Amino acid sequence: MLSIDALHVTYGGAVQALRGVSMEIPDGEVVAVLGSNGAGKSTLLRAISGTLRLHRGRVDSGSVRFGDDQLSGRDPAQTVRMGLVQVPEGRRIFGRLTVEENLRAGGMGNRDKAAKARARDRVYELFPVLQERSGQRGALLSGGEQQMLAIGRALMASPKVLLLDEPSLGLAPRIIGQIGEVIAEINRQGTSVLLVEQNATMALGVADRAYVLDVGEVSLSGPAAELSRSDEVQRLYLGHGSDETAAVTASAPRRTLSRWTA
Amino acid sequence: MTQFLSLLLNGISLGVLYALIAMGFVIIFKASEVVSFMHGSLLLLGAYSIARLSGPLGFFPAILVGMLITATAAFIVERLIINRLRGAPVISLAIVTIGVDIILLTELIRRLGSDILNVPHPWGGESFRIGNVGLSQNRLIAILVAAVLIALFFAAFKYSNWGIAMRASAEDGETAALMGIRQGQVSALAWVVAGVLAAVAALFLVGSPTPGVTPAAYAVALRAFPAAILGGLDSVGGALVGGLLIGIAEALAAGYQDQLLFLGRGFSAVVPFIVMIAVLLFRPSGLFGTRELTRV
Chain A
1 MLSIDALHVT YGGAVQALRG VSMEIPDGEV VAVLGSNGAG KSTLLRAISG
51 TLRLHRGRVD SGSVRFGDDQ LSGRDPAQTV RMGLVQVPEG RRIFGRLTVE
101 ENLRAGGMGN RDKAAKARAR DRVYELFPVL QERSGQRGAL LSGGEQQMLA
151 IGRALMASPK VLLLDEPSLG LAPRIIGQIG EVIAEINRQG TSVLLVEQNA
201 TMALGVADRA YVLDVGEVSL SGPAAELSRS DEVQRLYLGH GSDETAAVTA
251 SAPRRTLSRW TA
Chain B
1 MTQFLSLLLN GISLGVLYAL IAMGFVIIFK ASEVVSFMHG SLLLLGAYSI
51 ARLSGPLGFF PAILVGMLIT ATAAFIVERL IINRLRGAPV ISLAIVTIGV
101 DIILLTELIR RLGSDILNVP HPWGGESFRI GNVGLSQNRL IAILVAAVLI
151 ALFFAAFKYS NWGIAMRASA EDGETAALMG IRQGQVSALA WVVAGVLAAV
201 AALFLVGSPT PGVTPAAYAV ALRAFPAAIL GGLDSVGGAL VGGLLIGIAE
251 ALAAGYQDQL LFLGRGFSAV VPFIVMIAVL LFRPSGLFGT RELTRV
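Chains A and B, in that order, are what the protein sequence lines are.
Everything in the first sequence is counted per the UniProt record's numbering, starting at 1 for the first residue and increasing by one.
Everything in the second sequence is counted per the UniProt record's numbering, starting at 1 for the first residue and increasing by one.
Bear in mind the hints are in silico, worked out from the structure with no lab data behind them.
Any given hint might turn out to be false.
To be verified - Part of the chain A face toward chain B, derived, beta carbon under 7 Å:
| # | residue |
| --- | --- |
| 1 | TYR11 |
| 2 | SER49 |
| 3 | PRO76 |
| 4 | GLN86 |
| 5 | ARG92 |
| 6 | GLY109 |
All of these numbers come straight from a predicted model, not from anything done at the bench.
Don't be surprised by glycine CBs; every beta carbon is placed ideally from N, CA and C.
Work out the full structure, taking the sequences as your base and the hints as a guide.
Below, the structure is given as structure tokens:
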């Protein structure tokens, strides 16, 4: 179990990004973290993966524990070896490396050859398209394929916990649906998932439980099904406005397109 | 025609040595984001160690130990300075390497004094001839050894875990770290490899037709710098092409200097820099460089 306890993180000694965040990611579950821009979602992942330092961030107090091991203060490579692997926001695949080489780069932290071979078979099974394109440069893949490659690359390290930072970013709705299915499948094969998302529909669809982050604090949490029925989440993240807000929008003066003259 | 072929062959032999040095520049730049200005003194260190040790140890053991010394020096600089300053501006790191270079160079010049140390190459100063086209045996062996090393290097760069880790962290360091790649290791190994390549280049550069180990060997590394730049500072293929281009241009300018007398004697020494400027005017990021690398 990955547990985060009263975590405070600041950037540059001044900007508080997380203010006492606590959450738990039990083994074998999918946990979603929702929140708007600047809520602290990426900071949370950085604190887990050990990349805070690269962004001049620091854990002020609180802890991140994986089982019995303290995670804060470890470098990213140690974190990967412990079984926590992050898929970065915006995919960040190595565009000049081939698909195959991207996957090898993902398995770099894994010394066990047999485990690596198993991981590769699993990735190609999950994403047959990657096998078809294994010799192509990453930059030539479509956005959806790049996201699959980014997830596949992370799976090469045979993680116990997969940390996903906004996998739906910039993808077409149909592809987002596929990503959701892939996450569910990865979880079924025994990997826990921490899913950070702005797309609440997809996230709450696959998650067992969810947390809502709001300016560095957890404002709501609970089982995903329950959260997706709550008014606040419906209004803020799922886009089902109550009648009142809908009326306001309708009566607001609307600009219409007109000929532009100057 | 024979003169031209001779010069071309000489140029190629010089070019592959430049390429070895330039490839060192390039991998250091890719792995540590440092433009290393200390290659000149590394080269001289390699030449000096091999020349000094070949008396007591014998020639071939001296080569191995010389390579080891040069690689160790590069490794120490990386561990003690470059690795600790990771994330510092590229300019400050470059200036740090200039500082280290001056310290090492001063010490080597002090030790060399005014002597010319000779490396007792067992192949001596003889020449090798096909018809009228000649090349010193030293340079012929240089071409063969460099070809093997360059091939090995490219294979490692393309297929080995180290090569993939290096290319991945050069492209996106943070993501490479997230995948568990230790950038410190990648960078240290790059400096070691660059040190070995510089020592091998030094071994041949101080042999026939050059007189021996003098501080002038230092200037050779400076001429390999344009080779790396014009190839594109982040492309190992570019370093090879750039090295050959510079070597051939220099050899031709030296060979035809009678026809180029209006430019003055010794014009060939500046040819590498002129070629570099000419290439950069048309391709600002070098022949094979990545476009966005303009911040250096």
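- Query: Are A/GLY109 and chain B close enough, Cβ to Cβ, to be under 7 Å, as the hint says?
  - Reply: Status holds, d = 2 Å.
- chain B contact restraint for A/SER49 - C-beta distance below 7 Å: Given a least distance of 6 Å, the restraint on A/SER49 holds.
- Task: Against chain B, run the beta carbon of A/ARG92 and see if the smallest gap drops under 7 Å.
- Result: 4 Å, holds
- Task: Have a go at the A/PRO76 hint: is there a Cβ in chain B nearer than 7 Å to its own Cβ?
- Result: 4 Å, holds
- Message: Take the shortest C-beta to C-beta distance between A/TYR11 and chain B; is it under 7 Å?
- Response: 15 Å, violated
- Query: Minimum Cβ distance from A/GLN86 to chain B below 7 Å?
  - Reply: 5 Å, holds
Comparing the model with each numbered hint stated earlier shows that hint 1 is the single one that does not hold.
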